[in-house]
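Asker: The primary structure of each chain is shown beneath.
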Amino acid sequence: MPPRFSLPLKALAVLTLVLLIDQGVGFVSRNVIQGLDDKLSQIGSIQQALLHKRSDVLILGASCAKYHYNSQILADSLQMTVENTGVGGMKAEYSDLVLQSYLERCTPRCVVIDVYGQLDSGEGRLPRVRPFYGVNQPVTDYYDSETDWQQRLKLQSALYRYNGTLDLLLRHALNAPNRSHGFAEMAGELSMKDTVVVHHFLPDPAKERHLRHVVQLCRDHSVRLVFVLSPRREHNVDQEAWVSAFCREHNLQLINELHVPDYYTEERLFHDESHLNGRGAALFSKRVARKLRIEN
Amino acid sequence: MVVNSINFWLFFAAVVVPYFLCFRGQRGQNLWLLLASYVFYGWADWKILPLLVGVTAVFYGLGLAIARNNESNPRRASQLTTLGVLLGLGILFYFKYFGFFVQEFTALFASLGVPCGERTLNIVMPIGISFFTFKLMGYVIEVHRQTAVPTRDAVQFSLFIAFFPTILSGPIDRAATFLPQLQRRRRYNESDVSEGLKRVLWGLFLKTCIADVIAPWTTVVFGNYAHHNATTILVAAPLYLIQLYTDFCGFSEMAIGVARIMGLRVVENFQRPFFAKNVAEYWRRWHMSLTTWITDYVFMPLNVAFRDWGLWGLYAATLLNLIAIGVWHGANWTYFWFGVYHGLLLCIVTGLDKRRKRFEKAHHLKDNELYAWSRRLLTFLCFTFGSVLFQAASMGDFLGTIARLGQGFGPLYSEEFSSLVIYALPATCLMFLREWVAEYRRDIHFMHSPNIIVRLVSIALLISFIIYAGQLEGNSFIYFQF
Numbered sequence: 001m002p003p004r005f006s007l008p009l010k011a012l013a014v015l016t017l018v019l020l021i022d023q024g025v026g027f028v029s030r031n032v033i034q035g036l037d038d039k040l041s042q043i044g045s046i047q048q049a050l051l052h053k054r055s056d057v058l059i060l061g062a063s064c065a066k067y068h069y070n071s072q073i074l075a076d077s078l079q080m081t082v083e084n085t086g087v088g089g090m091k092a093e094y095s096d097l098v099l100q101s102y103l104e105r106c107t108p109r110c111v112v113i114d115v116y117g118q119l120d121s122g123e124g125r126l127p128r129v130r131p132f133y134g135v136n137q138p139v140t141d142y143y144d145s146e147t148d149w150q151q152r153l154k155l156q157s158a159l160y161r162y163n164g165t166l167d168l169l170l171r172h173a174l175n176a177p178n179r180s181h182g183f184a185e186m187a188g189e190l191s192m193k194d195t196v197v198v199h200h201f202l203p204d205p206a207k208e209r210h211l212r213h214v215v216q217l218c219r220d221h222s223v224r225l226v227f228v229l230s231p232r233r234e235h236n237v238d239q240e241a242w243v244s245a246f247c248r249e250h251n252l253q254l255i256n257e258l259h260v261p262d263y264y265t266e267e268r269l270f271h272d273e274s275h276l277n278g279r280g281a282a283l284f285s286k287r288v289a290r291k292l293r294i295e296n
Numbered sequence: 001m002v003v004n005s006i007n008f009w010l011f012f013a014a015v016v017v018p019y020f021l022c023f024r025g026q027r028g029q030n031l032w033l034l035l036a037s038y039v040f041y042g043w044a045d046w047k048i049l050p051l052l053v054g055v056t057a058v059f060y061g062l063g064l065a066i067a068r069n070n071e072s073n074p075r076r077a078s079q080l081t082t083l084g085v086l087l088g089l090g091i092l093f094y095f096k097y098f099g100f101f102v103q104e105f106t107a108l109f110a111s112l113g114v115p116c117g118e119r120t121l122n123i124v125m126p127i128g129i130s131f132f133t134f135k136l137m138g139y140v141i142e143v144h145r146q147t148a149v150p151t152r153d154a155v156q157f158s159l160f161i162a163f164f165p166t167i168l169s170g171p172i173d174r175a176a177t178f179l180p181q182l183q184r185r186r187r188y189n190e191s192d193v194s195e196g197l198k199r200v201l202w203g204l205f206l207k208t209c210i211a212d213v214i215a216p217w218t219t220v221v222f223g224n225y226a227h228h229n230a231t232t233i234l235v236a237a238p239l240y241l242i243q244l245y246t247d248f249c250g251f252s253e254m255a256i257g258v259a260r261i262m263g264l265r266v267v268e269n270f271q272r273p274f275f276a277k278n279v280a281e282y283w284r285r286w287h288m289s290l291t292t293w294i295t296d297y298v299f300m301p302l303n304v305a306f307r308d309w310g311l312w313g314l315y316a317a318t319l320l321n322l323i324a325i326g327v328w329h330g331a332n333w334t335y336f337w338f339g340v341y342h343g344l345l346l347c348i349v350t351g352l353d354k355r356r357k358r359f360e361k362a363h364h365l366k367d368n369e370l371y372a373w374s375r376r377l378l379t380f381l382c383f384t385f386g387s388v389l390f391q392a393a394s395m396g397d398f399l400g401t402i403a404r405l406g407q408g409f410g411p412l413y414s415e416e417f418s419s420l421v422i423y424a425l426p427a428t429c430l431m432f433l434r435e436w437v438a439e440y441r442r443d444i445h446f447m448h449s450p451n452i453i454v455r456l457v458s459i460a461l462l463i464s465f466i467i468y469a470g471q472l473e474g475n476s477f478i479y480f481q482f
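Here the protein sequences line up with chains S and G, keeping their order.
Here our numbering is used: the first residue of the first sequence is 1, the next is one more, and so on.
Here our numbering is used: the first residue of the second sequence is 1, the next is one more, and so on.
Simulated from the structure, these hints should not be mistaken for lab results.
One or more of the hints may lead you astray.
Unchecked claim - List time: in silico DSBU-like cross-link candidates among lysine-lysine, alpha-carbon distance up to 35 angstroms:
id	chain 1	residue 1	chain 2	residue 2
1	S	10	S	154
2	G	198	S	10
3	S	154	G	198
4	G	366	G	354
5	S	39	S	291
6	S	154	S	39
7	G	47	S	154
8	G	357	G	277
9	G	366	G	277
Put together the whole structure using the sequences plus the hints.
Answerer: In structure tokens:
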């Protein structure tokens, strides 16, 4: 007759096993993610931005940053090193975290933030930085100070921190090496001609706080900060007004390319309503570089 | 407060510990559970709580009145039962369908050149209304048929209606099986707790590792069907059926598990529907608590009423039965046509039944596994088509989605598809393996293995997989909207 164990004893055994698996998965995942090579994948871009990259010019933002700022063109034009840390679906918190991490390693001469959509509410893809909890100080501080006790409790588990990373790692393995300093080129042309105008903009208070923190950090470290509204076929007039007022309030340079000059459309430089294709990005990067040089 | 949230489990712990430790009799336990159920329901929507309490009180009185008149005045008992059913249907109609009918009639009169003005009714549909009104109506019918003994204990009756694991999304329990359980004290029982926890864990696995992993992709595809090609639609359709099953079955497993921990048995809701060999069998395995309810209280009386019409009477009863199941889901033409579609399928299956049996006998196919699996595949495909109708927001959307199939094939929409392949695919294989083992009664066990090491390791691995691969900040349950 096999020995009978009580339910609490079995629960304890299961808990011990889960903790062992948790530690094992945590150890392997931490080492794999920290050792990732520089590729254009999402997890690779986040890892490089939070842990490794250094440059004179830092590009912050979401997908518009990633697809619009051709780092090579900017670097050649400005004669400085440029890193594009844009990741699709990220908002102001991520920009703040990247800047804080950057400043722990080096002091860039200029920070360019593609601000459209940075203040929209919602988490976006921020959970993708969870694997860096306990590894990267700004990320750890962010979760410790800005999330509720349930989230902090869950973050003690490595399984939870690395939740959903397996497919990111697979996509990373299949991705091309990052030889473009974070810039990714979009293919295809959008045939749409008209610009869609949207109204009503209510900045998310938490995102606004992070944006103000970005401004403060740049001030404290004497880093030049430039806000950019990059061209799009669909734009929010109220958001544009808000950003303009914000830049005036903080005495910041704003490069506003929202009022798309005709040739952007005529020459079919858009991939979709919100993103430029490779040719559009090249043109846009040259225009931004010129404006950055003029104001320098 | 959904079952797959930390808040729910804190709430549950605060309920279950005093439930076992502080009460010496069933009365205290029932009162405590009723209080917890009202808190739980009020948490979801406190403004609707008076409605729940009110209708419970009315049906409690009706049940007693029907029982009193059953022997002495059967006619009055029938009238009271009819009143109860009409009241239940009236509540359902007002909260669930009234706005839809007003809209449809306004549109109809407008098309006939009789303007009625724009009318928008802001009737808030109480969460779980389809589930608790069916319990209430079922109770008065059962008392009238004398298949259930009416309870004089108002707390017991209220708890039967408002029992928190099942009030939001079923299963729809029957008074005859649930009320007797409330008449005895439930003691802490290790095997019940263990079995309950395993079912909760399995439900959580279905919900977080399959349903919520598939959901973002299918939502994008069907939400923007006009931008997707036939390949993507053809992949999304069966995925949606699997999502629907794992979402609802996951909830049912958790509800049954939570009840089991407290020593209460709740009726089963699913029995491996993907192993059904025809549509009729599928419906006997899918959302069983609803289908048996409608079969008992809609199909049977209709079948008796139409018996003079022979086979056509059976077809009519079947069609109306399935339409009732369809429109139970909500006020939308898609649900009506969903019912018609399945009703017609069932009529075809019924009509061809004798021929099929002759064919199987002639070709010795009865025990042929390949033939059985091809029938299962055909049934799955029939339900896949139905699920496209089920998920569509309108008939226009459904027809638009189907029209995309004629627009040609192309590359599969691959955004975030890798997470489906990496997480949902192995999880779905595991689900099918478990169901296959149960269906074929194979002697392979994981969480129920007689070997304690296999059992504990299986549970630990499943928990780890849920935390590592599950969508832990996932969606609400699909059936909450009904």
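Asker: Now tell me if each hint is right for this structure.
Answerer: Verification of the supplied hints:
Distance restraint check for residue 10/S and residue 154/S: the Cα-Cα separation of roughly 23 angstroms lies within the 35 angstroms cut-off, and the hinted pair is therefore satisfied. Proposed proximity of residue 198/G and residue 10/S is supported: the alpha carbons are some 13 angstroms apart, at most 35 angstroms. With a C-alpha separation of about 21 angstroms, the suggested pairing of residue 154/S with residue 198/G holds against the 35 angstroms cut-off. A threshold of 35 angstroms between alpha carbons decides the hint, and for residue 366/G with residue 354/G the separation of about 14 angstroms falls inside it, so the pair holds.
Annotation: proposed proximity of residue 39/S to residue 291/S holds, straight-line Cα distance about 29 angstroms (limit 35 angstroms). For a cut-off of 35 angstroms, the pair hint linking residue 154/S to residue 39/S stands: about 29 angstroms separates their Cα positions. Note on residue 47/G and residue 154/S: the hinted pairing holds, with a Cα-Cα distance of about 33 angstroms set against a maximum of 35 angstroms. A threshold of 35 angstroms between alpha carbons decides the hint, and for residue 357/G with residue 277/G the separation of about 13 angstroms falls inside it, so the pair holds.
Of the supplied pair hints, the one linking residue 366/G and residue 277/G holds, its CA atoms being roughly 12 angstroms apart against a limit of 35 angstroms.
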